[in-house]
Amino acid sequence: MSDPQITEVTESADVPMLEMRDVTKMFGSVISLFEISTTVRAGQVTCVLGDNGAGKSTLIKILSGVHHADHGQLFVDGVPVRFSTPRDALDAGIATVFQDLAMVPLMAIWRNFFLGSEPTKGWGPLRRFDAATAKRITRQEMGEMGIDIRDPDQPVGTLSGGERQSVAIARAVHFGARLLILDEPTSALGVKQAGVVLKYIVQARDRGLGVIFITHNPHHAYPVGDRFLLLKRGRSLGDFAKSEISLHELTRLMAGGAELEALAHELEREPGADAASVGRELLRETETLG
Amino acid sequence: MTATTVTPADERVVAIGLVRRLLVKPEFGALVGAIVIFVFFAFQSDVFRSMDGAANWLDVSSTLGTMAVPVAMLMIGGHFDLSAGVQVGTAGLATGIMTTYWGLQLYASLAMSLVLMLAIGFVNGFLVTRTGLPSFIITLGMFLGLQGLNLGFTKQITNTVQVSNLDLVPGYHSLNNILGSTVTIGGAKFQIAIIWWVAFTVIASYLLLKTRFGNWIFATGGDPNASKNVGVRTNRTTIALFMITSAAAWFVGNTQIVRFGTIQAQSGIGQELYFIVAAVIGGCLLTGGYGSAVGAALGALIFGMTQVGIVNAGWNSDWFKLFVGVMLLLAVLANQFVRRFAEQSRR
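Sequences listed follow chains L and S, in order.
Each step along the first sequence adds one to the number in this note's numbering, with nothing skipped, and position 67 is 67.
Each step along the second sequence adds one to the number in this note's numbering, with nothing skipped, and position 211 is 211.
Note that these hints are calculated values from the structure, not bench results.
This one's a predicted model, so the numbers in the text were calculated from it and none came from an experiment.
Please note that a few of the clues may not be correct.
[Unchecked claim] Residues from chain S that face chain L, not an exhaustive set, calculated with beta carbons under 8 Å:
1. G53
2. F136
3. K210
4. T211
5. F218
6. N229
[Said to hold, decoys possible] Chain S stretches covered by chain L per the calculated footprint, using a threshold of three residues with CB under 8 Å from any CB of chain L:
7. 221-227
8. 230-238
Heads up, the beta-carbon is just placed ideally off N, CA and C, and yes, glycines get one too.
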């Protein structure tokens, strides 16, 4: 892809920041992902939805350079890329905020913020961690996300789940991320904290970042998402723009609508009205969810 | 709690008072303990509070402390070294055999025994990082192996269980000035090893708190997976820590043979647990990621003061271990409380 014409195309605003085309990944004889395609644009949120075992984690690991796709291609700004290490993905501006957030609970916020990329001053044996700069930048970056950290010396373990998430996001942004991959950032949180994290996602989007938001909760995905990729057992159930799908439809697809109907029928055949009513109840509930 | 409120007078700042700040410092408990122990024995015995007494208990503390400080760094990095004690013997024996039996020049022997010790530390670290096995098991193997090697080698070469006569080797006196001489303050002779102990504590503190390497030590011990994910070279950090511990064993082992001119084949065995005890009294968590070099030095000081204080007070020294055991339990309980305090979520 060294054709100058194509390079020119990549500079046009219409080219997605990240595109995956027919990505397939096998682990031995198990098809973990099969011909998955989607796009992420700057200033947009692409949500990846799926239940446990849908292939969300595999997808993240391919995008962050931990695994390699067996087939299919990744394009960054329209240029085909191949990430052989997580460092390659980072260099391309793709930062992944993993579920464990890659933070050490007993360490101070500023130490965590710069962990692995510590600014130094001095030279030779006197080369030391520039704590003043680290604390100042931590405070400033957090401030830009609308968070006033009271004490950068506070251990990360004393922060709430949402705050920890925000430190991880601010850190990714500071270290040059253009595209954020957030791995189930809301799954372990209460309703209020999840709302706070959704707000950070919107904030990152408004700052012009591309965001891939991985979740199994359509109610978290729908309000912030611009695009929705639904995965099920390694296959795509569809890649929709927001205009093409309603929250109701999204929820139904997520819950596996047809399967649930079959389950309801099956339960109805069982002796005893209780089981049947449970089945109907289940069906009704998924229909009205939202 | 919403994290987004930007209020000038933040009510949550008040929650972190001075007491909390002090309590969260890992060495705080050891500092209080050291003061209590000093006051206690100073009242019991006038020998203990004299300059000669101080020179005595500082000497005992320094021997232990010079090892306890690197062992604390290793513990912060999430690992143990059960071979740290026997390595002290290995280092002294190596220098002794190379000079008095093989006729090597003294400083060349010192350099060679340093290389040997660094190699031992590297093997410890390499095996721990490569196999992923607990360092407890790996270094227990190293401990037993070196114990056999120390005794077997020494007997084979010297036909005794000790290496002596280092004081007859050319160049001994210049080395003795560095490692085994004394400084007279107020009529009492203070071992120069005390100064080395303080110097190593300062260097270790600087490394831990002010450098990138120190940040990596805390991270490696606190959460190795998270650290790896953000680009911390956890394996290198671990191997470096084991090598630092071995280098300290080299220093202490050679200090011993230089000071006394002789070293036993069994030297250092059993000390490894005391290094760990001093580090834990000094605030190190057994699980890693938390602790301090100053704390470990204070832990060693508590240890030395108690050992000497019991004798000075005219008590039966048989009770010393009971004292140590009780202090260890108290320290662990205090640490657990502090950790919960520090990790406590304010959701």
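With chain L as the partner, please determine if G53 (chain S) meets the hint condition of a C-beta pair closer than 8 Å. Where the cut-off is 8 Å and the nearest Cβ of chain L is about 37 Å from G53 (chain S), the hint is violated.
Proposed interface contact between F218 (chain S) and chain L, which counts if any beta carbon pair is under 8 Å: holds, 6 Å
Using Cβ atoms only, decide whether N229 (chain S) comes closer than 8 Å to chain L, and label the hint accordingly. Nearest chain L Cβ about 4 Å off; hint holds.
Taking the closest Cβ pair, is T211 (chain S) under 8 Å from chain L? This interface hint holds because 5 Å falls under the 8 Å limit.
For the restraint on K210 (chain S), tell me whether the closest CB of chain L is nearer than 8 Å. holds, 5 Å
Taking beta carbons only, do three or more residues of the segment 221-227 of chain S come closer than 8 Å to chain L? This one holds; 5 residues, not fewer than the three required, reach chain L with a Cβ under 8 Å.
Residues of the segment 230-238 of chain S with Cβ under 8 Å from chain L, three needed, outcome: Satisfied; 3 residues make the cut.
Chain L contact restraint on F136 (chain S) - CB to CB distance below 8 Å: This hint is violated: F136 (chain S) lies away from chain L, its Cβ roughly 21 Å from the closest one there, beyond 8 Å.
Hints 1, 2 from the earlier list are contradicted by this structure; the remaining hints agree with it.
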